[in-house]
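**Q** Sequences listed follow chains S and A, in order. One point on numbering: in our numbering, the residue at position 45 of the first sequence is 43, and numbering is uninterrupted. One point on numbering: in our numbering, the residue at position 27 of the second sequence is 25, and numbering is uninterrupted.
Among the hints, erroneous ones may be present.
Where chains are identical, the list cannot tell them apart; a pair therefore holds if satisfied intra-copy or between any two copies.
When the alpha-carbon atoms are kept at most 27 Å apart in a straight line, the in silico DSSO-like pairs for lysine-lysine are as follows [unchecked claim]: (1) Lys277 to Lys56; (2) Lys108 to Lys180; (3) Lys131 to Lys97; (4) Lys53 to Lys180; (5) Lys355 to Lys248; (6) Lys40 to Lys277; (7) Lys53 to Lys249; (8) Lys53 to Lys277.
What the hints contain is simulated information worked out from the structure, not anything from laboratory work. Here the structure is a predicted model, which is why all the values come from computation and not from measurement.
The residues making up each chain are set out below.
Protein chains: 2
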Amino acid sequence: MHHSSRHSLRVLTSAVVFMLAAAASPAQTPQPLPPESTDPVKLDLMRGFPPPPDKVVKLSTILKFPNGRWAFHHLRELGPTVQVWRGDDAPSLRREMPKHMDALRLEDDKGAPISLADWQRATYTDGLLVLHKGAVVYQKTYSGMAAHEPHSLWSMSKSFTGLLATMLIKEGVIDPGALVTKYLPELRDSAWADATVQQTLDMTTGVAYSENFRDPNSGIFQYLHAAGLLPAPPTYAGPRTIPELLVTIKKQGEHGTGFKYKTVDTEVVGWLLQRVTGKSYAALLSERLWTRIGAQDDAYVWADTHGTQLTSIGFNATLRDLGRVGETLRLSGRSGGRQVIPENVIAEIRKGGDIEKFKANGQAMRSGYSYHNQWWIPHDRDGTFEMKGLNGQHMHINPAAELVIIKLSSHPAGDTSLTHNLDRRAFAAIATTLRAQ
Amino acid sequence: MHHSSRHSLRVLTSAVVFMLAAAASPAQTPQPLPPESTDPVKLDLMRGFPPPPDKVVKLSTILKFPNGRWAFHHLRELGPTVQVWRGDDAPSLRREMPKHMDALRLEDDKGAPISLADWQRATYTDGLLVLHKGAVVYQKTYSGMAAHEPHSLWSMSKSFTGLLATMLIKEGVIDPGALVTKYLPELRDSAWADATVQQTLDMTTGVAYSENFRDPNSGIFQYLHAAGLLPAPPTYAGPRTIPELLVTIKKQGEHGTGFKYKTVDTEVVGWLLQRVTGKSYAALLSERLWTRIGAQDDAYVWADTHGTQLTSIGFNATLRDLGRVGETLRLSGRSGGRQVIPENVIAEIRKGGDIEKFKANGQAMRSGYSYHNQWWIPHDRDGTFEMKGLNGQHMHINPAAELVIIKLSSHPAGDTSLTHNLDRRAFAAIATTLRAQ
């Protein structure tokens, strides 16, 4: 473990320095490497046969900015992935009703007026899709990302895992009040020995594990080694798979008292889903979502060296299919005139979690939110609900405004809460603009 | 290189022993591990969350039988791959006209009558698709392979590379009589320094490189290390990418005198294609084939650690889409009423190569054949032409019988020439049966 930490420190020095720099200043102030000069097409990342050595992106460097600007929509080209099959049906038709967003009124963090384009630029956007009343009103991609290329969703994956778990709970297959060990006896000596499924889903477990990309000693780096997403040094002797990692993690504090964001809780849920159904995460995503929403493209899931699928950060999908998911969720589970996700599943997610418990561990950047069944719930007037992921991945659903926004990014800072206030203002401004039309 | 060879010896001992055993006896006699007992579903390979350690298939063990029975239709789950996009059009419709093949008259290598099922069983079939006059008359999958799962094509990839090269030659983009170094100056000190494109396409180059899976000192193992398909030991200091490997290979003998089968010739052609077009192999396959034949599924290509796509053995595609390719080729390039591949491209391939040069290096198992533009040409009465790949991959096109046969397999022996006579009799028996109906 010490070896691993020291290695992470070396590998990630640049990334960490950059993240700290980004954290110290508001996100929309000039970055050391601004979006224009880090466009992966202009940089010629991975271009040429072969690409010159300094243009090669390797798995060990994807978190070193600006490599993510190429890697986040080419992840499968760097390691093992599992197909999430779209099914044999024709893709659902999308109405296109492009709308001008010039009237949009948006302010940066200092109160200066900025345009929709400015916001996208400042937050290193790879793709932005806006659906209003089911029609595509705005769609733009950057960074050389083609419409059929899946983008890494990072922790948006968690909300997919939570969605699947909520379905299985409503079907009575999983008891949210039961101990995790009812389904996963392997965890009997771990932090989750006396945690319930619901506590794990809501991330109110007490676990000796920290999720801080700015701290090279954080548990997240051992997680990344186990996941095969950050190659471990030859001397590394720690866990090489997700299950091996989970069984070693110990309890710290009490379960059920306060929210603390941690990827390993989701991996426990994802493991549990696969155990109770006997189906892999990719198979569940295909059977229960991708084949039901009229998906246009296959998606995929990253796998560790033993084939364990990463249910917390491993899912990759195209912008256009994420729009189909968002629209299905906005319509309380209906797609193509069919109820493809039960209404009570979405109602359960939208009711949210405990706002007091959410505050317990200090989430100043997302004031008023709760986290429930792996979803971010703002408890706002419009009843919005959200998926979020590292480096600026977003699904924002606003039922009152009949609005779905998907935003995929390759922001230099991992922590999406750094641009949270700006992003929320942008989502609200889009809603206001569309309501006025 | 010595390190590499010794490592290969250790890793592949079982595989080599098995291949030798298979080589020593006719393929349809009982194998040490027969098809039934090596069904990956029955064996529970990679089943469970997590799979038990003895059921885990890792990249380092895919060539160790029976792991290929799972791995050959799950290759993307073990390493880097690049999407070959199917396009946005609806898949071409397939007529289904199932026919009974009970009347089929087929003999094993000892002259005993066997059924179509016996042949499939004896040759460890994962999927068999027969198209007659454009309709699916027979379709069967095994080994738990789903219709939407791409299967490794191994050296069938070479024929796809040859098809793309022939298109570019007919377009005047590549001059077959030019030296390879006209396009790839990097090869000026290699075996290909004074070889022409056509010699490389026909594998009549004189290259110090051997392709013998039964010899652990064969160049194929260094190729597999460079390709990232056989993990190299930590002490390995050889090439880590395909271009790095190719520039080190030296000339042996004369160019243009005799056929000798070698994967590295194809990699030179594949590199050249990408250099002259500025597009990757996967992009070319998508643009020129997958988006034009009404493909139903994305396909994919394996990549080395620097993103070099393997143009000789890296292509993976579904049984049903390979049927669409075969049907397009049978119809001299027409698909869905459109000429999607020029007729002269297919005529060029079908005219074949020099039968005398083919015999020069002893190809007793494929008597009467030639090899031209990376295709196997039997020069038979029906004008058949074929793609072939390691472990029993086949595309057999019989224009006279209006027949296309795709056979994907996970045979314990790599060398497909071991079952060649039996396979050819089976193809002929299918043609005879369908002609009689």
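**Q** Decide, hint by hint, whether the structure agrees.
**A** Evaluated hints:
1. Lys277 to Lys56: Only across copies: Lys277 and Lys56 sit 20 Å apart there, 31 Å inside one copy, limit 27 Å.
2. Lys108 to Lys180: Answer is neither: 51 Å inside a copy and 58 Å across each miss the 27 Å cutoff.
3. Lys131 to Lys97: within (12 Å within a copy, 49 Å between copies)
4. Lys53 to Lys180: Between. Shortest inter-copy distance 25 Å satisfies the 27 Å Cα cut-off; intra-copy 49 Å does not.
5. Lys355 to Lys248: within (21 Å within a copy, 69 Å between copies)
6. Lys40 to Lys277: Result: close only across copies, 16 Å inter versus 42 Å intra.
7. Lys53 to Lys249: Neither way: Lys53 and Lys249 sit 43 Å apart in one copy and 31 Å across, limit 27 Å.
8. Lys53 to Lys277: between (39 Å within a copy, 17 Å between copies)
Checked against the numbered hints listed earlier, the structure breaks hints 2, 7; every other hint is satisfied.
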